[in-house]
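Chain A is already provided as a structure; the job is to place chain B on it using the hints.
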Amino acid sequence: MRGDLSRRRFLAGVGAVGASALVAGCSGSGGGGGSDVLQVWGGVPAASGPGKVVEAFQRKFPQYKVNYTRFVNDDRGNLKLDTALQGGLDIDVYFTYASASLALRAGSGLAADLTDRVKGDPDLALFLDTEQPRAFLDQGRVKALATAREPYFVLFNEKLREQAGVELPHQWTVDEYRATAKKLTSGSTVGAYTIPDIARISLGPNYWYSDDNGRSNFDNPIFEQALATGRAMIDEGSAFPWSEVLARHLDAYQQNSFLKAEFNLWSTAPFNLRYLYDAKKYPHDFKVSFAPPPTVPGGGDWNGGSYNNFVMMNPKSTKTEAAWQFIKFWLTEGSAPMLAGGKIPTLGNVTNDQLRAGMLGKEPDKYFDLDSFQRVVLDAEPKLATDTKLAGFPEINLAYGQQRDLCWLGEKSPGPAIREVYRLANAAIARNEGSA
Amino acid sequence: MTVAAPSAPVQTATGQPPAEQPGRGIKPSGWTGLAFIAPNLLGVIAFTLIPLISVIALAFTDWNLVSGLGGIEFNGLDNFIAIARDPGFWNAVGLTLLYVGVSVPLTVVLGLALGTALNRPLPGRGVLRAIFFLPYIVNTVAIGMTWLMLMNPKSGLVNQTLDIFGISPGWFASSHWALPALIVMAVWGGVGYCSLIYLSALQDAPGQLYEAADIDGAGSWMKFRAITWPSLLPTTIFLAVTLIIGASQGFGLIALITSGGPGDSTTTISYYMYQTGFQFYRFGYASAIGLVTFLGVLVLTLVTWRAQRGRALHD
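Residue numbers (our numbering), protein chains in the order written: chain A, 1 to 436; chain B, 1 to 315.
So that you can see chain A by itself, here it is in the shape it has in the complex (with noise of 0.2 Å):
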């Protein structure tokens, strides 16, 4: 180079750095601001499902181009993905997964308007059911829609079933499942996984909250009674010992000890069954069958699942016209590939035979009791809960789960646990409507 630097070819060298790294940033697969291609995100991986969505809506609609991010579902996803709408990268269309991203999306301006759509579409009539909502809404109005039904079942392991003499039960209270997981303890076996959330499936939607506002419903005696069951349970070994839960991080890899047979029922959604069907990755050498969720005496008889996936239009889009097709292609007729991830659509518009196929993969007579698959999945009506009151809710979901873990390693009673549950979801729920 010849001669110094002047400072006006300095500040040009910094600005191109600068431009250059600003177009780095903006050149992700999310793409930058104000392209002509539609941009989804969603938190379920292209080649379960969505890949196929997006290819069968261009087909449709060739007129439209499509690209689908996928983004982690965790805290670091959706912070993620908060970041980029509010920093005004170009998404048309969202995903929601979690009850508290929901309610926050919804209130801080960054989900369109969808009622007047709604309303005036008769295909969508279910999306207004206010008895068991389908959408989430705010203040009154459509922000959000479910477009998935994820009901509860409890999976059995038949070899073991069959070898314990245990009958598969049609259905049963939460002292039945108790006393089969009891019976299908051996040595090399625990009985369940844990108990199902026994205080949702009495109490249904937002069983967290009280109906007076500004307080928890933890005073409700159902919640240490769940306590009590689960610590009873593992106690007298016909559930996992949660030190081994904790030990092994098991409660995100339930499957893989499910598939070792180390523990027998496995009260799950239909999001894990992929883990089922395919036994070249996931091996194991057993059949499985569904019972339905056991009910709690009293009338508690909530499925315990929920309508979720909720998508959710970018009010900032500028294709509008173009992310609605795509949200209703999604809810109707373009809904079936994502039952390969265990997504049953909430508009019920699959065929049980599609329903077959997608969830329990090409082989289903191989891995699965087809007659209970039958009854319980594609034959029941579950009564499925959708929260809508979702103040405070992540410190609550913290505070249950720090205390459902000292009660369950048997250093706190049940009694103690709940009550701090119950002053912490308290003080949450006062803080977040504080500042509502």
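You may find that some hints are simply not true.
What the hints assert, rightly or not - Using 25 Å as the maximum straight-line C-alpha spacing, the simulated DMTMM-like pairs for lysine to aspartate or glutamate come out as follows:
{"#": "1", "chain 1": "A", "residue 1": "Lys362", "chain 2": "A", "residue 2": "Glu55"}
{"#": "2", "chain 1": "B", "residue 1": "Lys154", "chain 2": "A", "residue 2": "Asp36"}
{"#": "3", "chain 1": "A", "residue 1": "Lys280", "chain 2": "A", "residue 2": "Asp369"}
{"#": "4", "chain 1": "A", "residue 1": "Lys316", "chain 2": "A", "residue 2": "Asp301"}
{"#": "5", "chain 1": "B", "residue 1": "Lys154", "chain 2": "A", "residue 2": "Asp251"}
{"#": "6", "chain 1": "A", "residue 1": "Lys183", "chain 2": "A", "residue 2": "Glu167"}
{"#": "7", "chain 1": "A", "residue 1": "Lys362", "chain 2": "A", "residue 2": "Asp138"}
{"#": "8", "chain 1": "B", "residue 1": "Lys154", "chain 2": "A", "residue 2": "Glu236"}
{"#": "9", "chain 1": "B", "residue 1": "Lys154", "chain 2": "A", "residue 2": "Glu167"}
{"#": "10", "chain 1": "A", "residue 1": "Lys183", "chain 2": "A", "residue 2": "Asp113"}
{"#": "11", "chain 1": "A", "residue 1": "Lys328", "chain 2": "A", "residue 2": "Glu262"}
{"#": "12", "chain 1": "A", "residue 1": "Lys280", "chain 2": "A", "residue 2": "Asp211"}
{"#": "13", "chain 1": "A", "residue 1": "Lys287", "chain 2": "A", "residue 2": "Glu411"}
{"#": "14", "chain 1": "A", "residue 1": "Lys80", "chain 2": "B", "residue 2": "Asp163"}
{"#": "15", "chain 1": "A", "residue 1": "Lys60", "chain 2": "A", "residue 2": "Asp36"}
{"#": "16", "chain 1": "A", "residue 1": "Lys366", "chain 2": "A", "residue 2": "Asp387"}
{"#": "17", "chain 1": "A", "residue 1": "Lys389", "chain 2": "B", "residue 2": "Asp216"}
{"#": "18", "chain 1": "A", "residue 1": "Lys80", "chain 2": "B", "residue 2": "Asp78"}
{"#": "19", "chain 1": "A", "residue 1": "Lys80", "chain 2": "A", "residue 2": "Asp113"}
{"#": "20", "chain 1": "B", "residue 1": "Lys154", "chain 2": "A", "residue 2": "Glu411"}
{"#": "21", "chain 1": "A", "residue 1": "Lys366", "chain 2": "A", "residue 2": "Glu262"}
{"#": "22", "chain 1": "A", "residue 1": "Lys383", "chain 2": "A", "residue 2": "Asp235"}
{"#": "23", "chain 1": "B", "residue 1": "Lys154", "chain 2": "A", "residue 2": "Asp138"}
{"#": "24", "chain 1": "A", "residue 1": "Lys389", "chain 2": "A", "residue 2": "Glu55"}
{"#": "25", "chain 1": "A", "residue 1": "Lys65", "chain 2": "A", "residue 2": "Glu321"}
{"#": "26", "chain 1": "A", "residue 1": "Lys316", "chain 2": "B", "residue 2": "Glu73"}
{"#": "27", "chain 1": "A", "residue 1": "Lys119", "chain 2": "A", "residue 2": "Asp353"}
{"#": "28", "chain 1": "A", "residue 1": "Lys287", "chain 2": "A", "residue 2": "Asp353"}
Just so you know, these hints were derived from the structure itself, not from any lab.
These figures come from a predicted structure and were not determined experimentally.
Only chain B this time, still in chain A's reference frame:
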């Protein structure tokens, strides 16, 4: 960063220094230098300076990020008043002090012992140094996963060994043992680094003083107390300060292994800040915690630094 020594003033043919050009504070050669550091400087501005200033500003606000910049509400000292009354914060402070107070002295003492041992002529000394230093450079996730398996209360190697003595801690599955387990990991990870720093300091120790001590008939302990330890004091302070800062900010292993639990038994101040900001979306409050933590660590560092002034051995 190195700073160039000031050069002698340039003289002109008349013997006078050249007149500075009006409006030009930096010489052309200075621009060249700036151009070289510009990429790094931009990084520091973007990823350190701006976030630092933002945290200080946000500490006086109520903000949930999702509401955007328009949703930032100035709330004066409310966050700091809330911190003073927040039992979760004080629990985290207590755990952090315990974690720092036990792990840092243990790391320093064991590092000194190991450094002293490695300073002697041992066969395979170079290999041993590399082995002891290895934990310092191994990926945090690999360390976490390995220790998680080793410390499994039922099937882990640690408990299988301790079982011989009738001891069986719950480690990460016990609110009483989870923090001690993290301390063990921190000490294991830091001892090799400390030993290497001590080793280089020991090799710089003033040899003539040892000779004089030998002539005076001083024993090993006397030589250590009167010569070795004072000469190592600046190194010890350096290690203590860097380890205190590092341990106060400890986050990776907690996030990876315990997520602050069981209960809140490993929710140290860094993890509490993370929960508040990234799980509860209370970014204003989390920023205030960050600011208070920064001031706390600063005080701790200054106290440590002042404690050694005038006690070091100088040639």
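We went through each hint and held it up to the structure:
{"no.": "1", "hint": "Lys362(A) - Glu55(A)", "in the structure": "holds, 22 Å"}
{"no.": "2", "hint": "Lys154(B) - Asp36(A)", "in the structure": "violated, 57 Å"}
{"no.": "3", "hint": "Lys280(A) - Asp369(A)", "in the structure": "holds, 19 Å"}
{"no.": "4", "hint": "Lys316(A) - Asp301(A)", "in the structure": "violated, 42 Å"}
{"no.": "5", "hint": "Lys154(B) - Asp251(A)", "in the structure": "holds, 17 Å"}
{"no.": "6", "hint": "Lys183(A) - Glu167(A)", "in the structure": "holds, 11 Å"}
{"no.": "7", "hint": "Lys362(A) - Asp138(A)", "in the structure": "violated, 41 Å"}
{"no.": "8", "hint": "Lys154(B) - Glu236(A)", "in the structure": "holds, 18 Å"}
{"no.": "9", "hint": "Lys154(B) - Glu167(A)", "in the structure": "violated, 33 Å"}
{"no.": "10", "hint": "Lys183(A) - Asp113(A)", "in the structure": "violated, 52 Å"}
{"no.": "11", "hint": "Lys328(A) - Glu262(A)", "in the structure": "violated, 43 Å"}
{"no.": "12", "hint": "Lys280(A) - Asp211(A)", "in the structure": "violated, 50 Å"}
{"no.": "13", "hint": "Lys287(A) - Glu411(A)", "in the structure": "violated, 37 Å"}
{"no.": "14", "hint": "Lys80(A) - Asp163(B)", "in the structure": "violated, 46 Å"}
{"no.": "15", "hint": "Lys60(A) - Asp36(A)", "in the structure": "holds, 17 Å"}
{"no.": "16", "hint": "Lys366(A) - Asp387(A)", "in the structure": "violated, 37 Å"}
{"no.": "17", "hint": "Lys389(A) - Asp216(B)", "in the structure": "violated, 81 Å"}
{"no.": "18", "hint": "Lys80(A) - Asp78(B)", "in the structure": "violated, 28 Å"}
{"no.": "19", "hint": "Lys80(A) - Asp113(A)", "in the structure": "holds, 23 Å"}
{"no.": "20", "hint": "Lys154(B) - Glu411(A)", "in the structure": "holds, 18 Å"}
{"no.": "21", "hint": "Lys366(A) - Glu262(A)", "in the structure": "holds, 21 Å"}
{"no.": "22", "hint": "Lys383(A) - Asp235(A)", "in the structure": "violated, 31 Å"}
{"no.": "23", "hint": "Lys154(B) - Asp138(A)", "in the structure": "violated, 49 Å"}
{"no.": "24", "hint": "Lys389(A) - Glu55(A)", "in the structure": "violated, 36 Å"}
{"no.": "25", "hint": "Lys65(A) - Glu321(A)", "in the structure": "holds, 13 Å"}
{"no.": "26", "hint": "Lys316(A) - Glu73(B)", "in the structure": "holds, 23 Å"}
{"no.": "27", "hint": "Lys119(A) - Asp353(A)", "in the structure": "violated, 31 Å"}
{"no.": "28", "hint": "Lys287(A) - Asp353(A)", "in the structure": "holds, 20 Å"}
In terms of the numbered hints stated before, the structure departs from hints 2, 4, 7, 9, 10, 11, 12, 13, 14, 16, 17, 18, 22, 23, 24, 27, listed from lowest to highest.
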